[in-house]
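Colleague: So you can see what is in the structure, the chains are spelled out below.
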Amino acid sequence: MLAITDLAVAINDQPILKGLTLAVGAGQVHAIMGPNGSGKSTLTKVIGGHPAYTVTGGGVTYQGRDLLTLAPEERSHAGVFVSFQYPVDVPGVANSEFLRLAWNAKAKAKGQPEVNVKDFAAILSERIATAQVPPEFADKQLNHGMSGGQKKRNELLQMHVLEPQLAILDETDSGVDVDALNAVGASINAFRRADRAIILITHYRRLLDLVKPDHVHVLSGGRITQSGDVTLAERLDREGYGWIDRR
Amino acid sequence: MSALATLRDAARARAAALPAPAAALEDWRYVRCDPLAAPAPCAASSAAIPLPAAPYLLLRDGIAQPGGTPWPDAWRLDLPTPAVVAQLTADLAAATDASACWTLAEAACVQHLRVTADAGRALTIVDAATGGIGAWHLQIDVADGAVLELHLIHHATGPARALPSLHLSLGVGARVVLHEIQRGVTDQLLARWSADLATDARLEATVRGRGGRLVRHQISVHLQGERAAFELAALLTADGDEQAHLHTRVMHAASRTTSNQLAKTIVDGRARTSFDGCVAMAAGISQGDAQQHNRNLVLSPTARADTRPQLDIRADDVKAAHGATVGRLDEDEMLYLRLRGLDAATASALLTTGYIAEVESRLPEALR
Chain A
1 MLAITDLAVA
11 INDQPILKGL
21 TLAVGAGQVH
31 AIMGPNGSGK
41 STLTKVIGGH
51 PAYTVTGGGV
61 TYQGRDLLTL
71 APEERSHAGV
81 FVSFQYPVDV
91 PGVANSEFLR
101 LAWNAKAKAK
111 GQPEVNVKDF
121 AAILSERIAT
131 AQVPPEFADK
141 QLNHGMSGGQ
151 KKRNELLQMH
161 VLEPQLAILD
171 ETDSGVDVDA
181 LNAVGASINA
191 FRRADRAIIL
201 ITHYRRLLDL
211 VKPDHVHVLS
221 GGRITQSGDV
231 TLAERLDREG
241 YGWIDRR
Chain B
248 MSALATLRDA
258 ARARAAALPA
268 PAAALEDWRY
278 VRCDPLAAPA
288 PCAASSAAIP
298 LPAAPYLLLR
308 DGIAQPGGTP
318 WPDAWRLDLP
328 TPAVVAQLTA
338 DLAAATDASA
348 CWTLAEAACV
358 QHLRVTADAG
368 RALTIVDAAT
378 GGIGAWHLQI
388 DVADGAVLEL
398 HLIHHATGPA
408 RALPSLHLSL
418 GVGARVVLHE
428 IQRGVTDQLL
438 ARWSADLATD
448 ARLEATVRGR
458 GGRLVRHQIS
468 VHLQGERAAF
478 ELAALLTADG
488 DEQAHLHTRV
498 MHAASRTTSN
508 QLAKTIVDGR
518 ARTSFDGCVA
528 MAAGISQGDA
538 QQHNRNLVLS
548 PTARADTRPQ
558 LDIRADDVKA
568 AHGATVGRLD
578 EDEMLYLRLR
588 GLDAATASAL
598 LTTGYIAEVE
608 SRLPEALR
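Chains as they are written, first to last, in this note's numbering: chain A, 1 to 247; chain B, 248 to 615.
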C-alpha cells in the first residue's frame with residue numbers, strides 16, 4: 001500500500017531523513033520508534049505534504065501513485081490520514097461542522113452525494129461510538145479548549161469519520177492518561193481492518209501492548225536501522241536505544 | 248447657566264489648550280488623523296433607524312429619545328447628579344489630548360442612568376449618526392448586586408462624526424454584559440467607554456467594530472475593588488481605504504483582580520488597523536491576573552496592522568501575559584484542514600469564519 005524508498009528530506013537545508021526505506025502492506029500495523037530528533041515527526045510531515053520540508057531524494061508511492069506530487073487534500077481524498085504530534089487548535093470552528101465539511105469533501109471527490117447537517121449528526125453519533133470518544137466532542141470547537149489528550153482522541157474521531165486506507169498516527173499516546181490510553185488503544189483496534197494499514201509512531205511500549213503491531217522499526221539518524229516484531233519494542237523498553245547505536 | 252452648558256464651555260476651553268490628535272502623539276501614532284482636520288460633514292440624512300421593540304435609548308446625532316416597551320422600574324434615566332458633573336470636570340482636567348474633550352464640548356446631551364436591580368432584559372442604546380457631529384455622554388451607575396445587559400449599536404446612515412461616550416460604574420458584586428457593534432457605513436466614529444468596578448464586580452464586553460474613514464474605539468477600565476473582573480473580546484475589520492483602531496487601558500488597582508482581553512483584527516485592501524493596549528498593575532496589589540492577546544489577520548499585501556501590547560507591572564505577586572501576532576492565515580492550520588480533505592479555498596474560508604466566530608459567537612443572535 002505504501003512504499004517509501006530511500007527517502008531524503010531536509011528542512012532549512014538541514015538533512016533530517018537520510019535514506020529511509022519502508023514498505024507497509026494492507027492489513028498491517030507498523031510501529032516506528034526512535035530517539036528524539038531521529039526524524040519520526042519529519043516523516044509524518046512529509047507524508048502530510050508540509051511545505052517547509054524539502055524532499056531531496058528518494059520517493060513515496062501510495063497505492064502505486066506518487067504521493068509526493070499530490071496536494072494535501074488529494075492525499076486525504078486518496079485515503080491517507082495523517083495525525084500530527086501537536087494537532088492545531090482552531091478556535092471558532094465547530095468540530096461537528098468541520099467534520100461534516102471533511103466528510104463532504106471526500107464524498108465530492110468520490111462523486112458521492114454530500115450530506116446535510118441533520119443526516120451528518122446521525123453519522124457523527126455513530127462514529128463517536130466507534131472511535132470511543134466522549135459524545136461532547138461533537139459540540140466542541142476544533143481542538144480548542146481541549147487538553148492535549150483530548151486533542152489526540154479528537155484526531156481518532158476524525159480518522160473514524162474519514163475512514164482512510166492508511167493512517168499515520170504520530171505520538172497519539174502522548175499526553176493521554178491511563179484510562180484514556182485504553183480508549184485510544186480500543187479506538188485504533190476498532191479501526192483495524194484487512195484493507196487498512198496503520199503506522200504508529202510512539203516512544204512507549206504501553207500503546208503497543210494495547211495495539212499489537214505486526215512490525216516494529218527503529219528510526220535513528222534519519223533511517224530505519226532495525227526492524228523486527230513486537231519483541232523489539234520490548235527490548236527497547238528494557239534497554240533503550242544505546243545498544244542499536246553501538247552496533 | 249445650565250450644568251451642561253458650563254461643562255460644554257469648560258470642555259471647549261480645555262480642548263483648545265491641548266494638542267489635537269496627530270501621529271506625533273503616542274496614543275494616535277497609528278491613526279491617519281487627516282479626516283479629523285476636514286470640516287465635519289453636516290448634511291443630516293432622514294434615513295430610518297431600526298429600533299428594537301425592547302426598551303431602548305435612541306441618541307440621534309446626540310439627542311436622547313428613550314422608547315420601546317415601558318422601561319422597567321429598575322432603570323431610572325435622569326440628568327446627571329452634581330457628583331457626576333464634578334467627575335466629568337475632573338476628567339477634563341486629566342485629559343491629555345483634545346479628542347478627550349470633544350464629546351463634552353459638542354454634547355447634545357449628558358444623561359445619567361441608574362440601574363438598581365436586574366431587570367431581566369437588555370437595554371439597547373442606539374447611537375445614530377445621520378449627519379454633522381453627534382456627541383453624547385451617558386453615565387450608568389449599576390447598584391451593588393445589580394445586573395445589566397447593554398447593547399450599544401453605533402448606526403451610521405450618512406457622513407457624520409460620532410462622538411459617543413459612556414461611563415459605567417459597577418457597585419459591589421454588580422455585573423454588566425456589554426455588546427457593542429457598528430451598523431451602516433461609518434464615516435467617523437470616535438467611541439469611548441470607561442468603567443470602574445468595585446469589589447466582586449464583573450464586566451464582560453464584546454466589541455464588533457468595522458472600519459470607516461476613521462474609526463477608533465477607546466476603552467478604559469479601572470478594577471478598583473478586590474476580585475473585580477474584566478473580560479473583553481473585540482474584533483475590528485477594515486477593507487478598502489478604511490481604518491479601525493482599538494485603544495485599551497486596564498488598571499488593576501486592587502488585589503485578586505483579573506482581566507482577559509482578546510483583540511482581533513482583519514485587514515484587507517489598503518486598510519489599516521491598530522491595537523494599542525496597556526495593562527497596568529498598581530504597586531502593592533497581589534494575585535492579580537492579566538491576559539492580553541492581540542491577533543491581526545492581514546489579507547492583502549497593501550493592508551497594514553500595527554500592534555502595541557504593553558504591560559506596566561509595579562507589583563510582585565501577580566501574573567500577566569501578553570502576546571501579539573500579525574500575519575496571513577496560519578500555514579499549519581491551512582495544512583491541517585487540507586489534510587482532512589478541504590481544498591485551499593474552503594480551508595481559507597473556514598479559518599476566516601472561525602477567526603470571526605471566536606468573537607462574534609459571544610454576541611446575541613440579533614447583533615451578529
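In short, the hints are calculated from the structure, not lab data.
C-beta atoms are modelled at their ideal positions from N, C-alpha and C, and glycine is treated no differently.
Wrong hints could be hidden among the right ones.
[Stated by the list, open to error] One side only, chain B facing chain A, incomplete, derived with CB under 7 Å:
(1) D590
(2) G601
(3) A604
(4) E605
[Unchecked claim] Where chain B lies over chain A, by a calculated footprint (3+ residues, C-beta under 8 Å):
(5) 27–41
(6) 64–78
[Unchecked claim] If the Cβ cut is set under 10 Å, some of the chain A residues that face chain B in the computed set are:
(7) V88
(8) D89
(9) S147
(10) G149
Colleague: Now tell me, hint by hint, if it's right for this structure.
Modeller: Results for each hint:
no.	hint	in the structure
1	D590	holds, 5 Å
2	G601	holds, 3 Å
3	A604	holds, 4 Å
4	E605	holds, 4 Å
5	27–41	violated (count 0)
6	64–78	holds (count 6)
7	V88	holds, 5 Å
8	D89	holds, 9 Å
9	S147	violated, 18 Å
10	G149	violated, 18 Å
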